[in-house]
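Participant: When you get a sec, could you build the whole thing from the sequences and use the hints?
There are 2 protein chains.
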Amino acid sequence: MNTVATRVGDLLGAIDTPALILDLDAFERNLQKMADFARDAGIRLRPHAKTHRSATIAVRQIELGAIGQCCQKVGEAEALVRGGVRDILVSNQVLDLQKLRRLAGLAKQARISLCFDAVEQVDAASRAAQEFGVELGALVEIDLGMWRCGVPPGEPAAALARHIAVSPGLRFEGLQAYEGKAQHLKTYDERAQAVQVAAQAVQLSIDAIGLAGLECKVIGGGGTGTFMFEGASKLWTELQCGSYVFMDGEYAAIEGNDGAPYAEFEHSLFVLATVMSTAGKGRVIVDAGLKSYTLEKGLPTIEGQPKARLVAASDEHGTIALLSPDADIPLGTRLKLIPSHCDPTVNLHDHYICVRGGRVEAIWPISARGASH
Amino acid sequence: MNTVATRVGDLLGAIDTPALILDLDAFERNLQKMADFARDAGIRLRPHAKTHRSATIAVRQIELGAIGQCCQKVGEAEALVRGGVRDILVSNQVLDLQKLRRLAGLAKQARISLCFDAVEQVDAASRAAQEFGVELGALVEIDLGMWRCGVPPGEPAAALARHIAVSPGLRFEGLQAYEGKAQHLKTYDERAQAVQVAAQAVQLSIDAIGLAGLECKVIGGGGTGTFMFEGASKLWTELQCGSYVFMDGEYAAIEGNDGAPYAEFEHSLFVLATVMSTAGKGRVIVDAGLKSYTLEKGLPTIEGQPKARLVAASDEHGTIALLSPDADIPLGTRLKLIPSHCDPTVNLHDHYICVRGGRVEAIWPISARGASH
Chain A
90 MNTVATRVGD LLGAIDTPAL ILDLDAFERN LQKMADFARD AGIRLRPHAK THRSATIAVR
150 QIELGAIGQC CQKVGEAEAL VRGGVRDILV SNQVLDLQKL RRLAGLAKQA RISLCFDAVE
210 QVDAASRAAQ EFGVELGALV EIDLGMWRCG VPPGEPAAAL ARHIAVSPGL RFEGLQAYEG
270 KAQHLKTYDE RAQAVQVAAQ AVQLSIDAIG LAGLECKVIG GGGTGTFMFE GASKLWTELQ
330 CGSYVFMDGE YAAIEGNDGA PYAEFEHSLF VLATVMSTAG KGRVIVDAGL KSYTLEKGLP
390 TIEGQPKARL VAASDEHGTI ALLSPDADIP LGTRLKLIPS HCDPTVNLHD HYICVRGGRV
450 EAIWPISARG ASH
Chain B
90 MNTVATRVGD LLGAIDTPAL ILDLDAFERN LQKMADFARD AGIRLRPHAK THRSATIAVR
150 QIELGAIGQC CQKVGEAEAL VRGGVRDILV SNQVLDLQKL RRLAGLAKQA RISLCFDAVE
210 QVDAASRAAQ EFGVELGALV EIDLGMWRCG VPPGEPAAAL ARHIAVSPGL RFEGLQAYEG
270 KAQHLKTYDE RAQAVQVAAQ AVQLSIDAIG LAGLECKVIG GGGTGTFMFE GASKLWTELQ
330 CGSYVFMDGE YAAIEGNDGA PYAEFEHSLF VLATVMSTAG KGRVIVDAGL KSYTLEKGLP
390 TIEGQPKARL VAASDEHGTI ALLSPDADIP LGTRLKLIPS HCDPTVNLHD HYICVRGGRV
450 EAIWPISARG ASH
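Chains as they are written, first to last, in my numbering: chain A, 90 to 462; chain B, 90 to 462.
Read the hints as simulated data drawn from the structure, not as lab findings. Nothing false has been slipped in among the hints.
Computed list of lysine-lysine pairs in BS3-like fashion (alpha-carbon distance at most 30 Å, straight line):
#1 B:Lys270 / A:Lys425
#2 B:Lys396 / A:Lys270
#3 A:Lys306 / A:Lys197
#4 B:Lys386 / A:Lys270
Facilitator: Right, here's the structure in full:
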């Protein structure tokens with residue numbers, strides 16, 4: 090419905106702002122680097138679509154070797170299947186029967202799995218699968234201390250696995266074991282240790298489930314901050330990294346194994362903004378605010394402007410303080426803002442404006458934007 | 090593009106979640122109360138569409154006496170004109186010529202005004218207006234200490250007004266004088282005093298502009314926290330309140346003139362969420378996270394659950410801590426979350442699910458969602 094005033098072929102200076110721009114060179118290097126890692130480590134890659142919400146990007150990841158996609162929501166799964174993705178794990182619980190019917194409908198076109206932490210979810214999913222005559226893959230999510238979903242590791246996981254195994258329409262596959270709280274721990278060693286602790290809980294659960302005569306063929310987990318540890322673990326079988334395609338301020342704030350800022354991946358995602366007001370002293374105002382980027386992880390940083398800092402944002406304005414008397418950012422200047430948190434920032438926009446060599450090369454729809462239902 | 094799984098006639102318990110729900114009774118009382126105030130105070134009401142981003146709601150406000158709408162962005166103006174609104178003030182600066190052409194195009198169908206704080210903006214708008222053979226209304230925005238846009242009050246405002254007055258295609262109308270920082274001051278007296286201070290700057294500017302032989306027919310400003318002061322001032326001519334239609338946690342946190350929590354308006358806007366996991370001890374998890382509400386003003390509160398508090402949110406999860414041993418919120422429970430900040434929360438959703446008496450009565454598109462360009 091919204092006008093797209095930007096056209097393929099436009100130079101950077103002609104892009105209608107605010108705009109979510111994707112640096113294709115950096116983006117493609119990020120995609121290739123993770124694909125290479127997974128291939129070399131002998132682990133399957135199932136990137137998380139909650140980051141990009143785009144079937145276009147999902148297909149690119151799969152072309153480089155990813156086995157499919159993760160998503161969090163049924164609405165995302167619908168957008169991905171419409172866009173050609175044929176293997177999807179909903180890395181989340183679904184309780185509502187009507188939502189489960191939508192998933193069962195998708196299972197006519199794609200391989201669909203989902204996660205469980207309660208008998209009620211299992212029974213509802215079994216009913217929906219039987220109604221549609223399909224089989225849904227089923228993972229037991231274990232709680233690794235994120236204070237979110239998941240059953241306790243060990244026997245509680247085995248108990249739910251046994252229930253899944255006798256539920257028609259469901260195919261027990263293994264464990265969802267995502268250590269979310271580990272992703273943004275500051276140091277490399279802290280993250281390594283967190284994954285080691287998680288691995289014990291995973292092994293305990295595999296063993297308990299094995300006693301029930303069931304096999305965990307899939308152990309899903311890993312993120313952009315810890316993938317190297319799960320990849321080397323010989324325990325996890327699928328990596329679910331999402332943010333690596335874009336990077337963001339939150340991941341840039343952690344450290345790599347050399348103690349320097351984390352640089353496994355490059356910033357490829359920016360909010361392009363224009364200086365629209367310079368009437369006030371000591372500040373300039375850009376035309377992008379908290380309807381163009383989110384603040385729950387802090388304000389964006391500004392690329393290439395060491396003498397300026399974004400200090401406040403309202404709905405449609407960003408206030409940039411000039412940090413030295415000789416700082417001068419004229420009216421009309423284009424600035425690239427690096428989002429602090431890529432996933433919810435992407436979700437504010439309808440399109441990626443894809444740029445290479447200073448020129449718009451493509452415009453990709455964010456096909457699952459808003460699909461949180 | 091997103092599936093709307095909810096249908097008119099559904100009971101509250103059948104609404105697909107997460108959903109942005111609008112309590113029509115409370116909403117209509119809010120609309121009527123502000124309309125009555127403006128009529129009784131003899132001041133024009135031009136509500137701000139940045140809050141609701143919906144032509145449907147704009148038309149409802151105009152039916153009750155509002156003279157038109159404010160918006161912040163050209164994209165919002167486009168959606169409003171498409172939806173039948175015929176008098177729009179862009180309460181913001183527009184610098185880009187192509188955006189100004191879009192506004193000039195709209196001026197063929199509607200009365201369009203906008204704000205200025207720089208000669209460059211005036212010259213570009215004049216050019217666009219001449220290209221289209223239309224006249225655009227022009228307000229000078231004065232800086233009332235918000236550390237955002239606007240020229241200093243007094244002679245700088247008069248200088249820009251003189252420039253507007255000699256620019257073909259522009260019609261000088263007056264001042265944009267919004268005291269944004271006053272809206273959320275805690276006490277009634279602090280807010281009253283802030284508007285008194287702002288009034289001095291407004292009068293100074295009116296006088297300076299009058300010396301240039303120009304008349305300020307329009308003085309725009311006021312918000313949900315201060316409208317009673319501008320309304321009584323005999324200085325402001327148009328109120329630009331937005332949030333009053335919904336209320337939110339941020340406005341509920343200020344005080345009324347009796348020192349009690351601000352209760353001029355009722356909460357009419359909620360994010361409806363479902364408890365999807367109860368596997369962890371001491372907490373339950375809902376299916377709505379920071380892609381369904383924003384956090385820059387804090388976490389939402391939960392209606393009618395004194396023993397539970399939302400304590401964390403990730404993309405698609407809200408973690409609710411149970412505050413007492415006897416608190417029990419079963420799997421599948423529907424909870425109404427009160428957003429802390431209504432404007433950006435609305436912008437995450439595609440539709441209002443409009444409810445009366447526990448039943449869905451209408452589904453309204455958020456027609457300017459994402460229209461920040």
